[in-house]
Amino acid sequence: MLENRVFRFLGALLLTAAFFLSTAGLARGQQVGWQSQDVLPEPGALFLAFQPDSALAAAQPPSPPPSERVAPLAPRTTPSPASRFEPLAQLASRSPIIRLAGMPNMYGDFFGTSGQIRACFFDYQEPLGPLHDEQPPVRCVTVDIPPAGGSGRMKIAENNKALPMDRVYFIYNHYAGALQATASPTRVFPVDRYVVGMEKTFLDGRWSVEARMPFASSFLFATTDFDLGNQDVGNFAVSLKRLLCLSDTSAVAAGLVIDTPTGSDVTGQIAASRFVLRNDAVHLAPYLGFLRAPNDFFFYQGFLQVDVAANGNRVELAGDALGKLTDQNLLYLDLSLGRWLCRNPSAPRLKGLAGIAEVHYTTTLQDADLVGGASGLNFLQLGNIFNRIDVVDLTAGLHAEIGMTEVRVAGIFPLGERPDRLFDSELQVSVNRRF
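The sequence shown begins at 929 in my numbering and counts up one residue at a time.
No wet-lab data here; the hints were simulated from the structure.
Check the hints yourself; a few may be wrong.
[What the hints assert, rightly or not] Pair by pair, the computed Cβ-Cβ distance ranges are: (1) Glu1345 to Val1234: 41 to 49 Å; (2) Asn1315 to Asp1248: 51 to 59 Å; (3) Pro1276 to Ala1182: 34 to 42 Å; (4) Gly1304 to Thr1188: 21 to 29 Å; (5) Asp1348 to Leu1168: 26 to 34 Å; (6) Phe1363 to Leu1168: 38 to 46 Å; (7) Arg1361 to Phe1341: 35 to 43 Å.
Please read these numbers as outputs of a predicted model, since none were measured by experiment.
We put the beta carbon where it would ideally sit given N, CA and C, even for glycine.
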């Protein structure tokens, strides 16, 4: 009898443990979508397994019919990724989408200028007599106006894409033949520009704010009676970006660029008179952009932007105000197509290598503003003397992703001739560090 009580006690204890273990296992299987094909044993059968052999045959219950057995758990299906745009409220749980967050930025092409400065000199000689009324000879010098710090405006397509990002970056641009002086002889000058910037997302990744600061090599052109130059500090620019809609393969964003006049003024001298072109203008540039990666190999993106000068720049000659020079409003259209040459996000070092081709179009939206005045027998005029321009540039680049760092190099090649050609060629090297 003692032996039977011991067996019954052990059987009840094991039955209780088996019940809790099977319940916990079932809960875990439902959470991960696990399915068991075995039928759970009935408590009575487990209890009788510990009965003595003499009572096992009498107490064994009949087997239930097949229809009463426990049905296997139905497999849990995982919904396929949504092809339509998701509500932005769900971004917190899915941001960033790996495919779009890893897409390369556009390179860009822009070199901003406000036009030209023309200085004309009237060289009077001694009069030949009372009947001498011939027009004296005229000599003129025309020089491109150097933008503040090599960057008077911020173009959103420069090292950017239509997706808020967390990053810091550095850009180096070498513009060959960016500034031209039509004197005797004609001279061209290169410009080296350096840009440091940072972009930070907020509000669950739906917004971002970007700040960038350019610097450039200083410029100086001088003759015996005319000189022109500027310093190396550029305009501090801030960009606000808002994600409008998002899916696993597409993104659409809009924003506003505010370019502030923190850069240096343009100064010069004509004969003995000093002149100054003040850097006073604030530029507002709303934009709309898209990004799409239809598969794991190809991606394309683009921006449409309008750059509007909110006010003009004061022009002073010999301490007197000549007026205000207002920059022409510009329209930018930028398109980019790229393909991954190799990509392995789990690689320890080189995670991806992509080739990118871009086309950029810039046009003026109204006629140029001209400001001029005389100093003695000399005349000075500022503005875009060519009036309207239409610039088309092609960009070809290579993008390498090394860990959380992106190293990029590109060449930019203008298709038109001056004045629809703002530089002869450009080399761009940039580094982005995501965080």
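Against the structure, the hints:
no., hint, result
1, Glu1345 to Val1234: 41 to 49 Å, "violated (26 Å)"
2, Asn1315 to Asp1248: 51 to 59 Å, "violated (27 Å)"
3, Pro1276 to Ala1182: 34 to 42 Å, "holds (37 Å)"
4, Gly1304 to Thr1188: 21 to 29 Å, "violated (36 Å)"
5, Asp1348 to Leu1168: 26 to 34 Å, "holds (31 Å)"
6, Phe1363 to Leu1168: 38 to 46 Å, "violated (20 Å)"
7, Arg1361 to Phe1341: 35 to 43 Å, "violated (28 Å)"
The structure fails hints 1, 2, 4, 6 and 7 (numbered hints given earlier, in ascending order).
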